[in-house]
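Listed below are the residues making up each chain.
There are 2 protein chains.
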Amino acid sequence: MSGSVSPLAPKTFAEMPPVRGVRMATAEAGIKYKNRTDVLMMVFDAPASVAGVFTRSLCPSAAVDFCRQNLSGGGARAVVVNSGNANAFTGVKGRAATALTAQSAAEAVGCSTGEVFLASTGVIGEPLDATKFAGVLGDMKDRGREDFWFEAAKAIMTTDTYPKVATRSAEIGGVTVTINGIAKGAGMIAPDMATMLSFVVTDADIAPQALQALLSDGVGPSFNSVTVDSDTSTSDTLMLFATGAAAADGQARIEDAADAALDGFRAALNAVLFDLALQVVRDGEGARKMVAVTVEGAESDAAAKRIGLSIANSPLVKTAVAGEDANWGRVVMAVGKAGEKADRDLLAIWFGDIRVAVNGERDPAYSEAAASAVMKAQDIAIKVEIGLGSGTATVYTCDLTKEYIEINGDYRS
Amino acid sequence: MSGSVSPLAPKTFAEMPPVRGVRMATAEAGIKYKNRTDVLMMVFDAPASVAGVFTRSLCPSAAVDFCRQNLSGGGARAVVVNSGNANAFTGVKGRAATALTAQSAAEAVGCSTGEVFLASTGVIGEPLDATKFAGVLGDMKDRGREDFWFEAAKAIMTTDTYPKVATRSAEIGGVTVTINGIAKGAGMIAPDMATMLSFVVTDADIAPQALQALLSDGVGPSFNSVTVDSDTSTSDTLMLFATGAAAADGQARIEDAADAALDGFRAALNAVLFDLALQVVRDGEGARKMVAVTVEGAESDAAAKRIGLSIANSPLVKTAVAGEDANWGRVVMAVGKAGEKADRDLLAIWFGDIRVAVNGERDPAYSEAAASAVMKAQDIAIKVEIGLGSGTATVYTCDLTKEYIEINGDYRS
Chain A
1 MSGSVSPLAP KTFAEMPPVR GVRMATAEAG IKYKNRTDVL MMVFDAPASV AGVFTRSLCP
61 SAAVDFCRQN LSGGGARAVV VNSGNANAFT GVKGRAATAL TAQSAAEAVG CSTGEVFLAS
121 TGVIGEPLDA TKFAGVLGDM KDRGREDFWF EAAKAIMTTD TYPKVATRSA EIGGVTVTIN
181 GIAKGAGMIA PDMATMLSFV VTDADIAPQA LQALLSDGVG PSFNSVTVDS DTSTSDTLML
241 FATGAAAADG QARIEDAADA ALDGFRAALN AVLFDLALQV VRDGEGARKM VAVTVEGAES
301 DAAAKRIGLS IANSPLVKTA VAGEDANWGR VVMAVGKAGE KADRDLLAIW FGDIRVAVNG
361 ERDPAYSEAA ASAVMKAQDI AIKVEIGLGS GTATVYTCDL TKEYIEINGD YRS
Chain C
1 MSGSVSPLAP KTFAEMPPVR GVRMATAEAG IKYKNRTDVL MMVFDAPASV AGVFTRSLCP
61 SAAVDFCRQN LSGGGARAVV VNSGNANAFT GVKGRAATAL TAQSAAEAVG CSTGEVFLAS
121 TGVIGEPLDA TKFAGVLGDM KDRGREDFWF EAAKAIMTTD TYPKVATRSA EIGGVTVTIN
181 GIAKGAGMIA PDMATMLSFV VTDADIAPQA LQALLSDGVG PSFNSVTVDS DTSTSDTLML
241 FATGAAAADG QARIEDAADA ALDGFRAALN AVLFDLALQV VRDGEGARKM VAVTVEGAES
301 DAAAKRIGLS IANSPLVKTA VAGEDANWGR VVMAVGKAGE KADRDLLAIW FGDIRVAVNG
361 ERDPAYSEAA ASAVMKAQDI AIKVEIGLGS GTATVYTCDL TKEYIEINGD YRS
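Same order as they appear, the protein sequences are chains A and C. So that you can map any letter, position 217 of the first sequence is 217 in the UniProt record's numbering, and since no number is skipped, the others follow by simple counting. So that you can map any letter, position 313 of the second sequence is 313 in the UniProt record's numbering, and since no number is skipped, the others follow by simple counting.
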């Protein structure tokens, strides 16, 4: 575990207001360590609409399999999240563990196991002893509080150095609704659908299909545009719940994601997702600098994103950033290996506002001093103009430092 | 630059015999630094058959473009290799530099520029001052020696900590021929066709088309199966030359790669390529351990290779190896993200001879102590059985250590 907080951490944390219709509690179940908070339970007063996106890993965790199965029901009463054990690559025992955990949660809440959602994070391959949940979930249900968001975010941390919270409000048909989100993640971050664990809850009244459409659209430029180390987790889970409590204020239930009444909500939701995703990158294991890579002029948006991720995942680009070296030759290398159409003689590259290369060679006005000055900053923008089309994308990453090696060479996460 | 020799370096270097028909010399042209050997010239007494494979980067160096163009001629009289400047992303100036270098070499040797081959390694994006070659190539031609292989390998090193040489002999129709090779490379190693720079010369008499077929086949399980850091160079160049001097001993010229007389030669050539490729991995920047990743039971050989490279390129697998941690959960993660068909419940994983996982869960006989003992070794074998088909592949990599960060955060290569 890293001892100190990331230098890229937010200077202040958002004040998290309650979201009507959901209560939370944490407990020490002793999953891996004694005397450590390792379980979070969210309970919805009434069935909430639910949407989710999950890892595209072909070896997903038992909890991911379980959530995928329940998602078709569209309703949620409880969410149980544990740290210390990912319940991934645990085979038949893994399925037994999710079944038993869901059973314990259903009994505590008084709902069906089809309304329970689960997420686990921690060691891969160790059997998860789910009997440990049975003793704590009933009590957690009784202790549930609305004003518990910050504590909830802390409870799901593993190698994270700070809790990740975000909140926005929006109006739907004149009724104000709140959107709160929490996330965890610092390593094994290269989401191909969602990243590690993130839970977002709103009191808006939105039907499950519309909620799923909003989430699937929102994940592209947020969680699916960040990478810490190119490694995709078995447990990536992003879920969005709508309690519908705003119906009491007269908010008419939304059935269709294309409903114009959702415009403000969609923007606020996307802002929450983007805020959380960037907090994950800023807590990247060993990170000292944040890098935004923008690719313009590619053949398509998809091509731009692939080139952007090739740059953002390149160990040589990331170590150059760590060394404050304006090494744009490595950016050229990463463009070249991306496998998307590129013409060396049309490329232009910027570090911050400094254009370092143009028309297939070093910018005639290139100044090593000016480029180096840009690299001293904590937040660094790299822009590449491909010059072939109108495809654009921006992806986010952090630098690669000795601390990343230290964290991952010592800690079996 | 790394100060000390890789602990994975060969304990002894091969004695390199002369190869009839080729002479070499090195010089200090002052490309980047003063008083440092930075140019190698190889001169063939008569036109040698030539074959080559190059980077699949879409932003290749000017030297790679130049070689690709000359390859169709099929004959080589001279090779000029420089370090200190990659002549990549140098646009029109880059093409002018290759033209001028080839002109200088052609004048020195008395051949056409179409019989000259070039390779450059070093900084990307800096214009290469090719006028510096004009003064040294004529003298180098006169000083050329047959017994200069070890010196030649030393002359092309950059972040390499030891020179890479390999030699084998074979019989073709009862005539003994020699195959010598040299290579350089330690970082930016994820060949998609060849890696960095490698030159192999034989005195066998083999036509260019047959030579190309031999090389294209041989590169798959050797240079194209190694990775240090997943970054593909703009300059990857592997060339094979056949001087034909063995014709003087009565070796009948081979026109077809399928000729049965080539069986022994093919095996010897593949051994040279494999030997050099593994030496590149063993000199991986910051490497302390060598890892062989074998994947069996995949849907196809191509699927097995993709899964193998996903494991070999995973920063989390590589840092676990550096930390001597038998963290097979990260191997599962890397299998899952590879995008090839895999079924968690059929997977089995070995570290060395220790089976750590089987049928989608931890091996019942798993012993942390036994698995950890395997990780203490310098050479580590990881085997994954996918359980779906008969596709197999083995790829080679090294661990990811703080020294890699140090080398690449400080040095503009």
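Honestly, the hints are just simulated from the structure, not real lab data. Model, not experiment: these values are computed from the prediction. Take these hints with a grain of salt, some might be off.
Calculated lysine-lysine pairs in the DSSO-like style (CA-CA distance at most 30 Å, straight line) [said to hold, decoys possible]: (1) A:K402 - C:K383; (2) C:K141 - A:K341; (3) C:K383 - C:K11; (4) C:K93 - C:K34; (5) A:K32 - C:K376; (6) A:K93 - A:K11; (7) A:K154 - A:K11; (8) A:K383 - C:K402; (9) C:K32 - C:K132; (10) A:K383 - C:K32; (11) A:K341 - A:K402; (12) A:K402 - C:K402; (13) C:K132 - C:K34; (14) A:K93 - C:K154; (15) A:K93 - A:K132; (16) C:K402 - C:K383; (17) A:K93 - C:K34; (18) A:K11 - A:K132; (19) A:K402 - C:K341; (20) C:K132 - C:K11; (21) A:K154 - A:K141; (22) C:K32 - A:K376; (23) A:K383 - C:K93; (24) C:K402 - A:K32; (25) C:K402 - A:K376; (26) C:K141 - A:K402; (27) A:K376 - A:K32; (28) C:K376 - C:K11; (29) C:K11 - C:K93; (30) C:K154 - A:K341; (31) A:K32 - C:K32; (32) C:K93 - C:K32; (33) C:K93 - A:K402; (34) C:K402 - C:K32; (35) C:K402 - C:K376; (36) C:K154 - C:K141; (37) A:K32 - A:K154; (38) C:K93 - C:K141.
Okay, the hints, checked on the actual structure:
1. A:K402 - C:K383: Cα-Cα ~28 Å, so holds.
2. C:K141 - A:K341: violated, 41 Å
3. C:K383 - C:K11: Answer holds: C:K383 to C:K11 is near 27 Å, not above 30 Å.
4. C:K93 - C:K34: holds, 23 Å
5. A:K32 - C:K376: This hinted pair holds, its Cα atoms lying about 26 Å apart.
6. A:K93 - A:K11: Given pair A:K93, A:K11 is violated - Cα atoms ~43 Å apart, limit 30 Å.
7. A:K154 - A:K11: holds, 16 Å
8. A:K383 - C:K402: holds, 28 Å
9. C:K32 - C:K132: holds, 11 Å
10. A:K383 - C:K32: Within the cut-off at roughly 28 Å; holds.
11. A:K341 - A:K402: Outside the cut-off at roughly 34 Å; violated.
12. A:K402 - C:K402: holds, 5 Å
13. C:K132 - C:K34: holds, 12 Å
14. A:K93 - C:K154: Distance ~56 Å between A:K93 and C:K154 Cα, so the pair is violated.
15. A:K93 - A:K132: holds, 15 Å
16. C:K402 - C:K383: holds, 26 Å
17. A:K93 - C:K34: violated, 65 Å
18. A:K11 - A:K132: The given pair, whose Cα atoms are some 37 Å apart, is violated under the 30 Å limit.
19. A:K402 - C:K341: violated, 34 Å
20. C:K132 - C:K11: Violated, because 37 Å separates the two Cα atoms, which is more than 30 Å.
21. A:K154 - A:K141: holds, 18 Å
22. C:K32 - A:K376: holds, 26 Å
23. A:K383 - C:K93: holds, 24 Å
24. C:K402 - A:K32: holds, 29 Å
25. C:K402 - A:K376: holds, 21 Å
26. C:K141 - A:K402: violated, 46 Å
27. A:K376 - A:K32: violated, 40 Å
28. C:K376 - C:K11: holds, 19 Å
29. C:K11 - C:K93: violated, 43 Å
30. C:K154 - A:K341: violated, 36 Å
31. A:K32 - C:K32: Measuring from Cα to Cα gives roughly 55 Å; hence the hint is violated.
32. C:K93 - C:K32: With Cα atoms ~17 Å apart, C:K93 and C:K32 stay inside 30 Å; holds.
33. C:K93 - A:K402: Violated, at roughly 38 Å.
34. C:K402 - C:K32: Roughly 27 Å separates the two Cα atoms, so the pair holds.
35. C:K402 - C:K376: Satisfied, since the Cα-Cα distance of roughly 18 Å is no more than 30 Å.
36. C:K154 - C:K141: Given pair C:K154, C:K141 holds - Cα atoms ~18 Å apart, limit 30 Å.
37. A:K32 - A:K154: holds, 17 Å
38. C:K93 - C:K141: The given pair, whose Cα atoms are some 26 Å apart, holds under the 30 Å limit.
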